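Number of protein chains: 2
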Amino acid sequence: MTQPRRVTAPSDPAAGRVAAALRAPRLCIERISPQVDHGRCPAKATVGQALAIEADIFMDGHDQVAAQVIWHEGAVAQALPMRALGNDRWRVEAVPQGAGRCRFTIEAWLDRWGSFRHGLARKAAAGVPIKLELEEGRALIREAAQQPGPAAGSLAALSRELATLDDSRTLDLFLGEATAALMRAGEPRRFVTRSQPELEVEVERTRAGFAAWYELFPRSCTRDPARHGTFDDVIARLPAIKAMGFDVLYFPPIHPIGASNRKGPNNSLKAGPGDPGSPYAIGSSEGGHTAVHPQLGGIEAFRRLHAAAGEAGIEIALDFAVQFSPDHPWLRDAPHWFAYRPDGSIRFAENPPKKYQDIVNCEFYADSRPDALWQALRDVILHWVDAGVKIFRVDNPHTKPLPFWQWLIEDVRGRHPDVMFLAEAFTRPAMMYRLAKIGFSQSYTYFTWRNTRAEFIEYLTELTQGPPKDFYRPHFFVNTPDINPYFLQTSGRAGFVQRAALAATLSGLWGLYSGFELCEAAPLPGKEEYLDSEKYQIRVRDWNAPGNIVGEITRLNHIRRENPALQSHLGLTFLQCDNDQVLYFAKHVPDRSNYLLVAISLDPHQAQEAYFDVPLAELGLPDDGALEVEELMRGERFTWRGKRQHWRFVPWELPLAIWRVKPA
Amino acid sequence: MTQPRRVTAPSDPAAGRVAAALRAPRLCIERISPQVDHGRCPAKATVGQALAIEADIFMDGHDQVAAQVIWHEGAVAQALPMRALGNDRWRVEAVPQGAGRCRFTIEAWLDRWGSFRHGLARKAAAGVPIKLELEEGRALIREAAQQPGPAAGSLAALSRELATLDDSRTLDLFLGEATAALMRAGEPRRFVTRSQPELEVEVERTRAGFAAWYELFPRSCTRDPARHGTFDDVIARLPAIKAMGFDVLYFPPIHPIGASNRKGPNNSLKAGPGDPGSPYAIGSSEGGHTAVHPQLGGIEAFRRLHAAAGEAGIEIALDFAVQFSPDHPWLRDAPHWFAYRPDGSIRFAENPPKKYQDIVNCEFYADSRPDALWQALRDVILHWVDAGVKIFRVDNPHTKPLPFWQWLIEDVRGRHPDVMFLAEAFTRPAMMYRLAKIGFSQSYTYFTWRNTRAEFIEYLTELTQGPPKDFYRPHFFVNTPDINPYFLQTSGRAGFVQRAALAATLSGLWGLYSGFELCEAAPLPGKEEYLDSEKYQIRVRDWNAPGNIVGEITRLNHIRRENPALQSHLGLTFLQCDNDQVLYFAKHVPDRSNYLLVAISLDPHQAQEAYFDVPLAELGLPDDGALEVEELMRGERFTWRGKRQHWRFVPWELPLAIWRVKPA
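Going line by line, the protein sequences match chains A and B.
Numbering-wise (the working numbering), the first sequence opens with residue 39 and increments by one.
Numbering-wise (the working numbering), the second sequence opens with residue 39 and increments by one.
Mixed in with the good hints, there may be bad ones.
Note that identical chains are pooled: a pair holds if it fits in a single copy or bridges any two copies.
Heads up, simulated EDC-like pairs for lysine to aspartate or glutamate below, C-alpha to C-alpha not over 16 Å straight-line [unchecked claim]: (1) Lys392 to Asp101; (2) Lys428 to Asp357; (3) Lys700 to Asp662; (4) Lys393 to Glu238; (5) Lys428 to Asp456; (6) Lys393 to Glu171; (7) Lys700 to Glu674; (8) Lys438 to Asp101; (9) Lys681 to Asp570; (10) Lys565 to Asp101; (11) Lys573 to Glu496; (12) Lys438 to Glu388; (13) Lys700 to Glu669; (14) Lys161 to Glu496; (15) Lys573 to Asp433; (16) Lys507 to Glu496; (17) Lys392 to Glu171; (18) Lys573 to Asp313; (19) Lys565 to Glu199; (20) Lys438 to Asp456; (21) Lys573 to Glu131.
The hints are simulated quantities; they were obtained by calculation from the structure and are not laboratory data.
The structure displayed is predicted, hence computed values, not measured ones.
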């Protein structure tokens with residue numbers, strides 16, 4: 039033998055390395071989706087909704103490969119065969135059945151029979167001799183028949199039958215789907231490669247991804263600013279909230295409010311004798327985070343409200359704000375959980391040079407028993423879960439340690455998989471995304487500060503196509519007690535309709551803080567805050583004030599319920615139109631059975647017109663095809679013929695359109 | 039104490055989980071760059087070139103953090119302090135000193151003194167009382183002074199000095215950089231967090247990223263097609279190749295060519311008696327992959343050429359094609375490395391229904407001793423390394439198993455870190471990228487099929503800003519013996535200049551196959567192949583034929599050597615200009631000390647004009663600023679004033695411009 043000059047001696051350590059390389063996975067499984075930080079955090083999914091699992095799967099050469107997902111939910115494991123999308127991309131959908139943690143792995147292997155069948159078909163079509171190929175096919179089937187398993191009997195029978203067939207009948211059999219199915223089941227799989235690590239998916243109930251939130255201060259449910267509203271007054275508001283189509287009712291903290299350093303109206307440093315104080319200054323001699331503010335009617339009134347809301351199909355969400363009035367009982371009972379200055383005084387919250395003298399933070403890494411503090415905070419949540427609350431909006435989670443939240447959420451959801459947490463973090467993107475990765479079900483966003491078409495396209499593209507798509511559920515609030523957007527301060531009524539429509543159509547989760555439907559926008563001069571903020575005083579409102587947009591909000595929420603395409607931020611495609619003042623996009627479910635086109639004018643002052651292209655090709659139509667169209671805001675039906683269409687958006691009428699389309 | 043209702047009992051397993059959470063990393067280190075598949079494959083770097091290491095680093099709250107990279111090269115570890123770029127992004131540059139594998143980890147921690155100093159400065163500026171803050175600062179320094187370490191003595195002295203200072207002097211000292219430096223060195227670091235896994239960087243010599251390749255068939259170095267060229271004839275060509283500025287000379291396989299089923303001119307199935315055959319049909323009775331084709335002059339002629347090229351500063355690259363003529367000695371000596379049909383005949387290479395009857399593939403997973411086959415192939419490489427060859431262009435690596443290449447490259451580079459491999463894979467993107475991830479130094483690309491401005495922008499953006507930037511070094515060949523681009527078949531001379539300029543300026547690696555400089559483009563009718571391809575016959579050329587572009591190529595290679603901005607595909611920014619037929623971009627080194635603007639017309643037929651914006655802001659200039667400009671192709675110098683400039687690109691003169699700019 040013509041030996042290459044230098045064959046490796048058996049003692050060469052390289053000999054071990056080549057043996058290991060021969061055992062290494064021959065196939066590649068890459069760019070698996072969903073995945074978060076290479077499997078360090080779970081991806082998110084919701085019960086009953088198909089979760090697309092994709093990967094690049096390939097091997098050397100021209101042979102065919104096959105792949106499946108092994109999907110674990112609870113104790114049940116399923117094998118889900120993947121299909122090739124082209125360009126080495128493979129996909130299958132899994133449908134989680136319940137809330138909790140699922141896991142999956144991808145397996146891929148050399149598809150010998152598929153490769154053989156593919157080559158055979160080409161050769162037969164080209165009319166080249168295939169006698170040897172048929173012999174090879176018989177050998178493959180004989181080999182498969184010897185493999186123990188449920189298909190072995192059928193394969194053995196097939197092998198016997200083949201011995202009786204001529205080449206032409208054999209060819210038919212080899213090219214047929216029945217043989218392919220048998221071989222898929224029974225052929226020994228070569229070069230089986232498994233993805234690593236096993237990936238996790240946190241499954242949550244539907245409302246984690248699709249809900250309309252309404253926020254109010256219960257104490258303002260009154261017709262007289264001198265009379266503090268109660269939970270029983272909130273019960274009286276429920277029919278109106280339900281009629282508008284909201285299904286989550288969220289309150290700022292409902293606990294006793296501290297008296298020390300209590301804030302007065304408009305964040306003034308001194309409260310008057312009748313001032314109710316900020317509900318974020320939690321805790322007084324009447325109790326802390328597990329108590330109910332007596333003026334709201336105490337825990338019994340809360341229970342009445344909770345029951346009434348439940349009957350109306352409205353879920354209550356509470357605020358979890360880890361901060362303490364100086365009067366909070368924990369300062370007296372567990373002083374080691376707080377920090378002190380060199381003079382022995384307690385350290386107030388601050389953001390230098392600002393100090394917040396009605397609030398004290400706890401020390402999450404206190405020298406003494408921080409574990410007891412963490413558990414006590416977790417027990418606050420469990421207390422309210424016992425009272426029937428399953429949604430917690432967490433105030434400023436980014437100023438508390440990430441390991442704390444990860445532990446707390448895992449602990450609580452381990453006991454109650456239907457509990458959800460919304461992260462109210464307005465800070466830099468990395469932190470906002472991280473909070474979602476470690477377990478928050480939903481997240482506040484930068485929506486309130488996105489105004490131009492380019493801004494919406496950039497931000498929503500990041501959320502729906504970038505890494506966040508796998509773990510970040512954006513909750514689009516049009517306003518909050520802390521955010522009176524500059525845009526709305528001057529937009530007038532049309533601007534409120536536009537912002538509601540943007541939030542309600544771009545995201546499965548949207549919400550408003552009461553007063554929005556009345557187009558309230560009086561600011562603290564020059565600031566993005568409300569004048570006479572409800573955070574510091576009781577506000578009485580006329581819920582039927584003229585110029586309100588209750589009708590439009592009701593319609594939007596109704597359209598959302600009727601159209602699955604609007605029940606997630608995903609399934610979004612921005613489309614071209616010739617007017618920069620009009621945001622135009624498609625929302626659809628994966629199989630396109632529900633397909634909406636949405637156009638919203640961003641100009642609250644002038645009428646805008648736009649020519650725009652209808653994505654006929656996406657719907658399987660030629661450029662001169664016809665679409666049946668239903669404009670859902672107005673309830674009109676008509677037909678669009680051809681690709682190019684036109685619309686006029688009139689702020690003083692209705693500055694948007696939502697077209698549900700299907701091929702005529 | 040107001041106990042929350044349900045404090046966890048000590049036996050609760052949750053107690054262990056909270057203890058673990060308290061020990062979990064408090065800081066986050068995310069989106070580390072460079073990294074490849076979360077550290078499963080090494081990133082790439084070159085000797086002496088700064089490698090930017092970046093990450094998102096952050097923690098909860100408003101405190102400051104600090105970070106460093108621990109960089110391991112050989113046995114030496116260095117701590118490189120990172121700097122904040124804003125928005126939680128941090129960076130530092132490492133400069134590898136030699137070829138081989140480096141490793142790095144990122145460490146980050148709470149910067150207590152930095153946080154204290156920052157808050158103190160703000161409070162002092164706001165004029166609020168800071169007496170307690172100063173006391174807190176003294177305590178921090180006392181604590182640091184007790185920490186053993188090189189700074190302990192200085193800190194103890196500082197602590198003693200502080201006892202003698204009034205508040206005003208103390209404030210100055212606390213805000214000063216000297217104290218900050220001392221504290222950086224000596225303060226105990228809290229919440230130190232380390233990135234995981236440790237990441238690897240494969241460092242290669244300069245030519246891995248910056249080289250100009252010239253490909254030729256040695257047998258065509260002759261003036262008479264009846265006389266087979268030899269390596270000694272190639273020696274005679276070296277001065278011309280060097281003069282054009284090429285520094286790598288690459289040959290298709292140089293081994294004995296099989297006689298069985300030898301291909302004739304234009305890939306005809308039957309060779310005539312004088313036909314030389316395809317050099318890719320490797321192996322004959324005269325030897326296999328380690329032998330030299332006798333008609334080229336044998337190994338002695340190769341050694342003479344290698345020495346002469348070395349003296350000219352030109353490196354020889356060989357082709358590694360793992361395929362076998364039916365006459366290759368291994369078929370006789372190691373028949374178990376090959377596959378057979380049911381009738382006992384050898385299995386030829388095929389891509390159904392096509393068969394390649396002059397080529398046989400080996401079985402990488404043969405039933406018997408595949409390890410010996412892998413080692414024998416590796417030993418082919420080592421044989422040529424011994425002969426002085428350090429660059430291997432690998433033919434069709436995507437049709438051989440990936441674990442084989444990963445093992446082979448690691449084995450060879452473990453012995454000889456200066457050996458490089460170029461992957462000639464024209465297949466789907468996932469496979470092309472994978473080959474680079476598992477060790478190929480350089481890769482063929484889709485460059486040849488990118489023609490419009492939009493196509494260049496999309497492809498180069500993917501290569502320079504997507505994941506490939508960390509592991510994929512694109513080698514832009516303007517043509518190959520297999521690719522006679524459609525564009526060049528009709529473009530005429532200007533098209534050759536345009537394609538050379540595109541390759542030479544967009545990538546650090548470019549190359550051409552001989553004949554390109556003579557604007558050869560006669561195709562097999564309707565195909566992207568050359569008529570009378572050199573793969574099957576000897577081609578005699580007149581190297582001084584009129585209309586050649588030797589001058590332009592020489593100029594381009596000269597400009598590349600003089601301008602570091604052109605020595606990598608990275609550092610690329612596409613810029614706006616008002617003519618779609620003009621590709622306009624900036625190339626620069628990280629510190630912008632070498633900054634080029636390049637504009638290339640894509641139209642080989644018509645003159646094109648363009649108004650374009652000069653990125654004055656990038657160069658620190660206002661919109662009416664002035665730039666000193668050197669047009670490098672023509673050697674002209676002038677001044678540009680203002681942002682808007684104009685140029686005319688004339689195909690029959692010079693359809694491009696390369697402007698080296700600096701602030702006037």
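Tested hints:
1. Lys392 to Asp101: Classified as between; 15 Å across copies, 67 Å inside a copy.
2. Lys428 to Asp357: within (11 Å within a copy, 66 Å between copies)
3. Lys700 to Asp662: within (14 Å within a copy, 54 Å between copies)
4. Lys393 to Glu238: Answer is neither; intra-copy 42 Å and inter-copy 46 Å both fail.
5. Lys428 to Asp456: Within one copy, since 7 Å is at most 16 Å while 62 Å is not.
6. Lys393 to Glu171: Intra 83 Å, inter 14 Å, cutoff 16 Å: inter-copy only.
7. Lys700 to Glu674: Classified as within: same-chain Cα gap 14 Å, cross-chain 62 Å, threshold 16 Å.
8. Lys438 to Asp101: between (53 Å within a copy, 11 Å between copies)
9. Lys681 to Asp570: Result: close neither inside a copy nor across copies, 51 Å intra and 49 Å inter.
10. Lys565 to Asp101: The answer is neither: 65 Å in one copy and 26 Å across copies each exceed 16 Å.
11. Lys573 to Glu496: Close neither inside one copy (33 Å) nor across copies (50 Å); limit 16 Å.
12. Lys438 to Glu388: within (14 Å within a copy, 63 Å between copies)
13. Lys700 to Glu669: within (12 Å within a copy, 57 Å between copies)
14. Lys161 to Glu496: neither (50 Å within a copy, 38 Å between copies)
15. Lys573 to Asp433: So Lys573 and Asp433 pass the 16 Å test inside one copy only (14 Å; across, 71 Å).
16. Lys507 to Glu496: within (14 Å within a copy, 23 Å between copies)
17. Lys392 to Glu171: between (82 Å within a copy, 14 Å between copies)
18. Lys573 to Asp313: within (11 Å within a copy, 92 Å between copies)
19. Lys565 to Glu199: neither (85 Å within a copy, 47 Å between copies)
20. Lys438 to Asp456: Answer is neither; intra-copy 23 Å and inter-copy 50 Å both fail.
21. Lys573 to Glu131: neither (46 Å within a copy, 48 Å between copies)
Checked against the numbered hints listed earlier, the structure breaks hints 4, 9, 10, 11, 14, 19, 20 and 21; every other hint is satisfied.
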